[in-house]
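S.K.: Whole structure, please, built from the sequences with the hints as guidance.
Residues per chain are reported as follows:
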Amino acid sequence: MTAPAVELSGITKRYPGVIANDRVSFRARFGEIHAVVGENGAGKTTLMRVLAGVTRPDEGTIRIDGKRVTFRSAADAARAGVGMVHQHFTLVPVFTVLENLLLGAEPGFLPGRAAPPEVRKAAERLGFLPDLDARVSGLTVGERQRVEILRTLSRGARILVLDEPTAVLTPAETRDFFRTLRNLAREGHAVVFISHRLEEVRAASDRVTVMRRGRTVATLETARATEADLARLMVGREVLVREGGRERRPPAGEPALEVRGLDLDSDRGLPAVRDVSFSIRPGEVLGLAGVMGNGQRELVEALAGLRRPRGGRILLGGEDVTGLGVRQRLRAGVVFVPEDRRDQGLVLTLSAAENLALGAPADPAFRGGLLLRREPLRAAAARWMRALDVRPPDPDRPVGDLSGGNQQKVLLARALASSPRVLLLAEPCRGLDVGAIERVHGEIRAAANRGAAILLVSSDLPEILSLSDRILVLRRGRISGEVKAGRTTEEELGLMMAGGGA
Amino acid sequence: METLLLDLPVATLLAATPLLLAALGGLCSERGGVVNIALEGLILAGAFAGATFTLATGSPGVGLAAGVLTGALLGLFHGVVCIHLRADHVISGLAVNLLADAATILLLKEIWGTKGGSPQLGTGTLGGIGPLPSLTWVAFLLLPLVWWLVYRTRWGLRLRACGESPEAADAVGIPVHRYRLSGVVLSGVLAGLAGVYLAMSAGSFTKHMAAGRGYIALAALVFGRWRPGPVAAGCLLFALGQGLQDTFELRVAIPPQLTAMVPYALTLLVLAAGPLLRRGRPETSAPPAALGRPWIRS
Numbered sequence: 320m321t322a323p324a325v326e327l328s329g330i331t332k333r334y335p336g337v338i339a340n341d342r343v344s345f346r347a348r349f350g351e352i353h354a355v356v357g358e359n360g361a362g363k364t365t366l367m368r369v370l371a372g373v374t375r376p377d378e379g380t381i382r383i384d385g386k387r388v389t390f391r392s393a394a395d396a397a398r399a400g401v402g403m404v405h406q407h408f409t410l411v412p413v414f415t416v417l418e419n420l421l422l423g424a425e426p427g428f429l430p431g432r433a434a435p436p437e438v439r440k441a442a443e444r445l446g447f448l449p450d451l452d453a454r455v456s457g458l459t460v461g462e463r464q465r466v467e468i469l470r471t472l473s474r475g476a477r478i479l480v481l482d483e484p485t486a487v488l489t490p491a492e493t494r495d496f497f498r499t500l501r502n503l504a505r506e507g508h509a510v511v512f513i514s515h516r517l518e519e520v521r522a523a524s525d526r527v528t529v530m531r532r533g534r535t536v537a538t539l540e541t542a543r544a545t546e547a548d549l550a551r552l553m554v555g556r557e558v559l560v561r562e563g564g565r566e567r568r569p570p571a572g573e574p575a576l577e578v579r580g581l582d583l584d585s586d587r588g589l590p591a592v593r594d595v596s597f598s599i600r601p602g603e604v605l606g607l608a609g610v611m612g613n614g615q616r617e618l619v620e621a622l623a624g625l626r627r628p629r630g631g632r633i634l635l636g637g638e639d640v641t642g643l644g645v646r647q648r649l650r651a652g653v654v655f656v657p658e659d660r661r662d663q664g665l666v667l668t669l670s671a672a673e674n675l676a677l678g679a680p681a682d683p684a685f686r687g688g689l690l691l692r693r694e695p696l697r698a699a700a701a702r703w704m705r706a707l708d709v710r711p712p713d714p715d716r717p718v719g720d721l722s723g724g725n726q727q728k729v730l731l732a733r734a735l736a737s738s739p740r741v742l743l744l745a746e747p748c749r750g751l752d753v754g755a756i757e758r759v760h761g762e763i764r765a766a767a768n769r770g771a772a773i774l775l776v777s778s779d780l781p782e783i784l785s786l787s788d789r790i791l792v793l794r795r796g797r798i799s800g801e802v803k804a805g806r807t808t809e810e811e812l813g814l815m816m817a818g819g820g821a
Numbered sequence: 004m005e006t007l008l009l010d011l012p013v014a015t016l017l018a019a020t021p022l023l024l025a026a027l028g029g030l031c032s033e034r035g036g037v038v039n040i041a042l043e044g045l046i047l048a049g050a051f052a053g054a055t056f057t058l059a060t061g062s063p064g065v066g067l068a069a070g071v072l073t074g075a076l077l078g079l080f081h082g083v084v085c086i087h088l089r090a091d092h093v094i095s096g097l098a099v100n101l102l103a104d105a106a107t108i109l110l111l112k113e114i115w116g117t118k119g120g121s122p123q124l125g126t127g128t129l130g131g132i133g134p135l136p137s138l139t140w141v142a143f144l145l146l147p148l149v150w151w152l153v154y155r156t157r158w159g160l161r162l163r164a165c166g167e168s169p170e171a172a173d174a175v176g177i178p179v180h181r182y183r184l185s186g187v188v189l190s191g192v193l194a195g196l197a198g199v200y201l202a203m204s205a206g207s208f209t210k211h212m213a214a215g216r217g218y219i220a221l222a223a224l225v226f227g228r229w230r231p232g233p234v235a236a237g238c239l240l241f242a243l244g245q246g247l248q249d250t251f252e253l254r255v256a257i258p259p260q261l262t263a264m265v266p267y268a269l270t271l272l273v274l275a276a277g278p279l280l281r282r283g284r285p286e287t288s289a290p291p292a293a294l295g296r297p298w299i300r301s
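Quick note, the sequences are listed as chains A and B, same order. All letters in the first sequence, in the order written, are residues 320 to 821 by the working numbering. All letters in the second sequence, in the order written, are residues 4 to 301 by the working numbering.
For the record, the hints were derived by calculation from the structure and aren't laboratory data. Note that beta-carbon positions come from the ideal geometry of N, C-alpha and C, so glycine has one too. Please note that the accuracy of each hint is not assured.
[What the hints assert, rightly or not] Here are the in silico distance ranges between beta carbons for each label pair:
id : chain 1 : residue 1 : chain 2 : residue 2 : range
1  : A       : Leu-691   : B       : Ala-276   : 40 to 48 Å
2  : A       : Leu-429   : B       : Ala-276   : 30 to 38 Å
3  : A       : Leu-429   : B       : Ala-236   : 19 to 27 Å
4  : A       : Gly-475   : B       : Ala-276   : 29 to 37 Å
5  : B       : Ala-275   : A       : Leu-429   : 33 to 41 Å
M.R.: Shown next as structure tokens:
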């Protein structure tokens, strides 16, 4: 019996007010793919950062291949053979692929074109040799990820740690990605990855470690665990994993929102959306699927009034609102929940009640002349926070103190508080755990049943499939397909996203 | 009229020398992520130290070394304040400029007992090759050298990574603060050299003698999108204004206040035109993404 590739024991990491890791133990072997699952804030990322030398634990020991080590930096961990691919890639966008591959391990004078031998060897093992002269900013997310993995391998990593690697990939890319991981495991690497998606954990890993509230609660052979088992271990209670279609009245009436021949440019002045037309009726959920960066962001921003169209029209209940700004659209009942909740969605230093006031500038219930009426605001905020199970439901606490999932619930509460006619949701469940997703999905269904027309932008296909009535696929700024939610599959959507299908 | 045409290129190259030196310095600083509005003060301090030590020792070589060293030290100060203490880069730069302005006036009085300027350095301190002073040659030789440093060496790649994404640099084990600081210090060296050139070509130090050259160098840096070639072109363009002023003033009866405006008016005009010319250009011509952003490991 050889020593485990990784052996963490008694790892404790405290941050002010929270214990992120509480005497955690974790083992992974060479040659296996090991998944780490858990709710938001369960301590997965902290544990992986400890393993990769990015975070120093307060207590506990790390053994790599049986040898006790202490990491003072990521560079120390890299020397010991541990490489981490972070959730937010650490590539320099304006650099070329080669420059990024060299960065940190360069020769004194840079080579002109050719890749150094260790990069070539790693590329062979990975089965992926990127265009070395291409700029990283022009690569797809999947390509960037492979460049990052390639860099890690070329630095001699034998233990590969990946933080939510599939969150940014299409279904097809995900399949390729797991094939790659399998090859690396077969060659004797230890592969550890964090995931939220239980179905892919089931499909791709050999063993799985479940974390809850800063502790490891179990390590299982994946083959012997069901998704329901894993969900129960993560949350600590029974959870409905995925609902099928939704029980609801059919949408009816004239379109609440109509878009005709919309042309949009990106921030850099390049075409982002071309000739897009669709409509949404009251009570209807229209899913907008696509790989990130295919015009979704520009499209919802234009609908919210944040981006001026180059051409085309936007109609609200039959009235042309193309020229109206954000405030007038808010008044007309168009509410936008941006995907970037920390920068665009909320003011983190303000309380939930104050954030609610910002989202309802015209609501007479909250306004007394020039002044804000604080009590009705606080009461409304507290009511919505309880309804969405925000923890803690304190309307006076700065929202920056809440966890990501709870911030998202506050943002959604603000949107729902104004009883919108049109609700624009961008990635409403990104980064949320199963419990929070269950709750948010319930609220989205309820809003549709109350008659809101909902545009749901999401790169999570199961989410789109379970919530939408109809699904549009956006590819390179054009609609590459339209399907009814009940009559399609992830595979079909994936093909349309990648450009293979009709 | 013929001589006017002959003199204009020379006058332009002379005027471009301090601009180019300072702008190349600014490039090293800003490519690493530190805004360097302090160039003005660095030039002034370099000029003063250059003149003072030349006068004190009788050796232009010592003066040059002193000017460069003073620039480097003041650059080090600006760097530590911006990088390690995480102060606002513009405020720190302004402070350096005010400090240099006031300190040189004070020291003029203390050392030479004069109010406006130092005694004469004597002629020929700069030396020259052909029609141009040696430092002009140096400045234009530094242009390819800085390009090579920034684009073809490990130091340059790491410096640019620190200016684009300190997080990415840190993730591969690059000491971000040290690289940023090296860029700022190098900018002090080059701006100090620009100051030495100013004092020596004028034959003495006079107060406020940087006269906005640091800011114009900064404008050239922005105009040239932080790339050595275009930055140098910007310096030449702005220097052309100065060159025009110098040649006209000698020969044509235009009110000197009007001709003195030419370099600055031209700078404004060119800067205003820049964004119009750049519409829809790729992001390689964008400023360093982390410019002016302090960084600490989270």
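S.K.: Look at each hint and say if it fits the structure.
M.R.: Do the hints match the structure? See the list:
{"no.": "1", "hint": "A:Leu-691 with B:Ala-276: 40 to 48 Å", "verdict": "holds (47 Å)"}
{"no.": "2", "hint": "A:Leu-429 with B:Ala-276: 30 to 38 Å", "verdict": "holds (34 Å)"}
{"no.": "3", "hint": "A:Leu-429 with B:Ala-236: 19 to 27 Å", "verdict": "holds (25 Å)"}
{"no.": "4", "hint": "A:Gly-475 with B:Ala-276: 29 to 37 Å", "verdict": "violated (51 Å)"}
{"no.": "5", "hint": "B:Ala-275 with A:Leu-429: 33 to 41 Å", "verdict": "holds (37 Å)"}
Going down the numbered hints, you'll see the structure goes against just number 4.
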